[in-house]
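Undergrad: Those protein sequences? They're chains A and B, same order as listed. Its first residue numbered 0, the first sequence is counted upward by one per residue in numbering that gives the first Met the number 0. Its first residue numbered 0, the second sequence is counted upward by one per residue in numbering that gives the first Met the number 0.
Derived by calculation from the structure, the hints in this document are not laboratory data. Treat the numbers as computed from the prediction; the structure is a model and nothing was measured. Keep in mind that the hints are not guaranteed to be accurate.
Result set (DSS-like, lysine-lysine): computed pairs, CA atoms no more than 27 Å apart in a straight line [unchecked claim]:
#1 A:Lys236 to B:Lys116
#2 B:Lys237 to A:Lys102
#3 B:Lys25 to B:Lys11
#4 A:Lys105 to A:Lys232
#5 B:Lys116 to A:Lys102
Sample of chain B residues at the chain A side, in silico, Cβ under 7 Å [unchecked claim]:
#6 Pro280
#7 Lys283
#8 Gly295
Every residue, glycine too, gets a C-beta built ideally from N, C-alpha and C.
2 protein chains.
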Amino acid sequence: MTVDTVKGYAIKDTNKYTDFELVEYKLRTEEADDITVHVECCGCCASDHHTISGGWGPLANKFCVTGHEIVGEIVSMGSNVKGFKLGQRVGIGAQSGSCGECKPCKTDNEQYCPQGKDTYNAVWYNGEDCQGGYSTHVRAQQRFVFALPDEISSEHAASMMCAGLTVFSPLLRNGAGPGKKVGILGIGGLGHYAIMFAAAMGAEVYAFSTSDSKKDDALKMGAKHFVNTRADKDFAKKLKGELDLIISSASSADLPLNDYLQTLGVHGQLCFVGMPETDWPALKSQTMASNGCYIGSSHIGSGKEAAEMLKLAVKHNIKPWIQTMPMKDAAKGIQALEKGTVRYRTVFIQDIDK
Amino acid sequence: MTVDTVKGYAIKDTNKYTDFELVEYKLRTEEADDITVHVECCGCCASDHHTISGGWGPLANKFCVTGHEIVGEIVSMGSNVKGFKLGQRVGIGAQSGSCGECKPCKTDNEQYCPQGKDTYNAVWYNGEDCQGGYSTHVRAQQRFVFALPDEISSEHAASMMCAGLTVFSPLLRNGAGPGKKVGILGIGGLGHYAIMFAAAMGAEVYAFSTSDSKKDDALKMGAKHFVNTRADKDFAKKLKGELDLIISSASSADLPLNDYLQTLGVHGQLCFVGMPETDWPALKSQTMASNGCYIGSSHIGSGKEAAEMLKLAVKHNIKPWIQTMPMKDAAKGIQALEKGTVRYRTVFIQDIDK
Chain A
0 MTVDTVKGYA IKDTNKYTDF ELVEYKLRTE EADDITVHVE CCGCCASDHH TISGGWGPLA
60 NKFCVTGHEI VGEIVSMGSN VKGFKLGQRV GIGAQSGSCG ECKPCKTDNE QYCPQGKDTY
120 NAVWYNGEDC QGGYSTHVRA QQRFVFALPD EISSEHAASM MCAGLTVFSP LLRNGAGPGK
180 KVGILGIGGL GHYAIMFAAA MGAEVYAFST SDSKKDDALK MGAKHFVNTR ADKDFAKKLK
240 GELDLIISSA SSADLPLNDY LQTLGVHGQL CFVGMPETDW PALKSQTMAS NGCYIGSSHI
300 GSGKEAAEML KLAVKHNIKP WIQTMPMKDA AKGIQALEKG TVRYRTVFIQ DIDK
Chain B
0 MTVDTVKGYA IKDTNKYTDF ELVEYKLRTE EADDITVHVE CCGCCASDHH TISGGWGPLA
60 NKFCVTGHEI VGEIVSMGSN VKGFKLGQRV GIGAQSGSCG ECKPCKTDNE QYCPQGKDTY
120 NAVWYNGEDC QGGYSTHVRA QQRFVFALPD EISSEHAASM MCAGLTVFSP LLRNGAGPGK
180 KVGILGIGGL GHYAIMFAAA MGAEVYAFST SDSKKDDALK MGAKHFVNTR ADKDFAKKLK
240 GELDLIISSA SSADLPLNDY LQTLGVHGQL CFVGMPETDW PALKSQTMAS NGCYIGSSHI
300 GSGKEAAEML KLAVKHNIKP WIQTMPMKDA AKGIQALEKG TVRYRTVFIQ DIDK
């Protein structure tokens with residue numbers, strides 16, 4: 000039986016972005032490729048805050064139920080769905096749809112499909128609203144529903160669906176592994192995964208932060224080096240040309256970007272996975288010519304990569320550092336994110352229909 | 000016999016950057032790895048203009064003899080030099096020295112040596128001045144002296160030493176070849192080589208310009224497509240996700256950079272080889288996340304790549320489009336560069352001691 004009417008914690012006004020209100024709404028109409036999941040828990044991503052506070056622009060719909068780090072059980076499947084079964088525990092991340100026909104879709108790059116649909120704050124192909132996981136149910140195309148290994152608990156798997164995958168993809172694609180030195184910039188939800196995954200992949204990890212407050216944690220996560228960039232103004236000179244790759248999960252663009260670029264070796268890459276609301280500091284050709292480095296962004300990851308990430312997490316027994324709270328406390332989770340006090344991810348536990 | 004005292008056309012004041020004056024000066028002291036070349040001809044590069052006009056900052060020495068697209072005959076060799084002979088015709092590009100010991104130097108990336116020395120407007124390791132090829136003689140480490148095939152005339156080879164190599168290296172390193180679509184932005188000295196080389200390498204070339212004035216030329220050079228970006232405001236939408244690589248040789252940073260980035264496919268790269276004097280237009284993570292693209296710079300090329308480029312030029316009978324003038328007319332060459340009237344490179348012919 001298809002679930003249609005569901006409930007979720009919604010924001011209606013970006014000026015009142017902690018005023019979550021329990022609302023009832025209809026899921027978008029189920030299509031043949033769709034899987035509907037009853038939400039067990041959902042991580043609290045910086046995207047949620049950027050979206051509901053209007054930092055990325057106005058809301059796409061009349062109200063917004065955020066949440067795209069979802070774990071739950073399958074309660075309904077369209078007629079085309081294959082390889083899943085009712086009751087199966089699965090995850091859904093930041094994307095819920097793509098065209099399936101374009102070059103990115105056909106080359107395991109569906110996260111770069113120009114017609115891709117975000118899990119929430121999006122309008123589906125048929126004009127209906129897409130709503131997220133601070134709710135009882137979420138609907139997504141089967142391609143964006145990830146089977147979960149038994150070894151990983153739901154609370155741990157939740158934030159892997161966005162935070163984990165978002166850093167795993169560029170680590171994998173840019174060759175993080177033995178013999179490589181990888182810098183991780185911004186030690187939060189994404190960054191703490193980046194440290195753990197990069198270390199598990201065999202890279203030598205440099206964690207960068209603006210204070211020593213996360214030093215012990217970063218070293219426990221697997222960083223070999225910790226650099227306090229405010230205390231050590233000469234860090235870029237000391238590390239000149241040393242790093243192969245930097246993943247920046249910083250949510251602010253107020254960074255000594257030119258310093259970081261100097262720490263890269265020949266053709267090294269600085270890849271943003273954090274999406275600050277403002278422009279990067281100014282760059283010019285000359286700065287980047289001395290080492291021929293590149294700067295760019297990466298957008299979540301593919302389903303294929305999600306499966307590889309989960310395997311790596313099982314193999315190395317990687318567990319995110321999380322705190323849990325009932326979903327009704329979404330405002331508290333968002334406020335903690337804003338204050339930077341989360342260590343290192345909040346996961347909301349279903350409380351609407353349980 | 001070592002040549003010590005030489006003559007060259009020098010600029011002494013960046014405010015009077017077309018007041019070339021024939022001066023006599025001492026070459027830096029010959030070292031065991033050095034080759035000294037009697038200059039036959041020398042290309043006129045945008046770097047020459049940026050340098051003598053102060054656009055890249057003050058002069059490094061009391062006067063500056065520019066020119067780093069040099070062809071001439073070997074007149075002297077240090078005791079360590081191997082594989083060259085006196086009287087041999089060779090080329091020298093934009094770099095004349097490197098440490099030889101660092102990781103870039105040991106991995107055919109000597110152009111990224113942190114201790115690398117430019118051919119002119121540089122101070123050598125021993126504190127002496129480095130001067131360039133608008134002169135009778137130039138001295139460089141043997142690693143930066145390139146043997147020239149007989150099939151290429153000196154006038155044609157000259158601008159390959161910088162302009163040619165500077166675009167060939169990022170084309171090669173970023174996979175320009177069959178099945179790849181490569182955009183070339185800025186059709187000048189560098190850009191015209193980029194079109195010819197990319198086409199010869201088998202790529203499908205898109206030439207971008209701000210008017211139609213170079214359209215016929217670009218198509219003759221080998222471009223399959225020509226895009227007038229001012230006339231066609233929607234070019235980025237039409238080409239969304241199409242290109243694998245863009246090489247920008249534009250000497251100005253006043254570009255619709257965000258538009259160009261949208262024309263790249265997944266993880267496509269926009270590589271600057273032109274070195275504008277100002278910052279790039281503002282960029283942010285989101286812009287680059289939709290296709291996971293990268294932007295960066297490339298600095299000339301390696302000796303190994305110079306040899307490959309010359310082979311390609313012979314194989315495909317690639318000839319630069321040049322105009323020649325006597326070296327005493329250096330000011331005219333610089334002025335033509337500034338006005339953008341060069342089609343597509345000026346090469347100065349030795350006239351000081353001939």
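Undergrad: All hints are to be evaluated individually against the structure, with a verdict given for each.
TA: Hint by hint, here is what the structure shows:
Between Lys236 (chain A) and Lys116 (chain B) the CA atoms are separated by roughly 19 Å; this keeps the pair inside 27 Å, and the hint holds. For the proposed pair Lys237 (chain B) and Lys102 (chain A), the alpha carbon gap of about 16 Å is at most 27 Å, so the pair holds. Taken as a hint, the Lys25 (chain B) and Lys11 (chain B) pair is honoured in the structure, with Cα atoms around 16 Å apart against an allowance of 27 Å. In summary, the hint linking Lys105 (chain A) to Lys232 (chain A) is not supported, as the alpha carbons are separated by about 46 Å, beyond the 27 Å threshold.
About 44 Å separates the Cα atoms of Lys116 (chain B) and Lys102 (chain A), which puts this hinted pair outside 27 Å; it is violated. At its closest, the beta carbon of Pro280 (chain B) sits 9 Å from a beta carbon of chain A; the interface hint therefore is violated under the 7 Å criterion. Given the 7 Å rule on beta carbons, the hint for Lys283 (chain B) holds: about 5 Å separates it from the nearest Cβ of chain A. Below 7 Å, beta-carbon pairs count as interface contacts, and Gly295 (chain B) has one with chain A at about 3 Å; its hint therefore holds.
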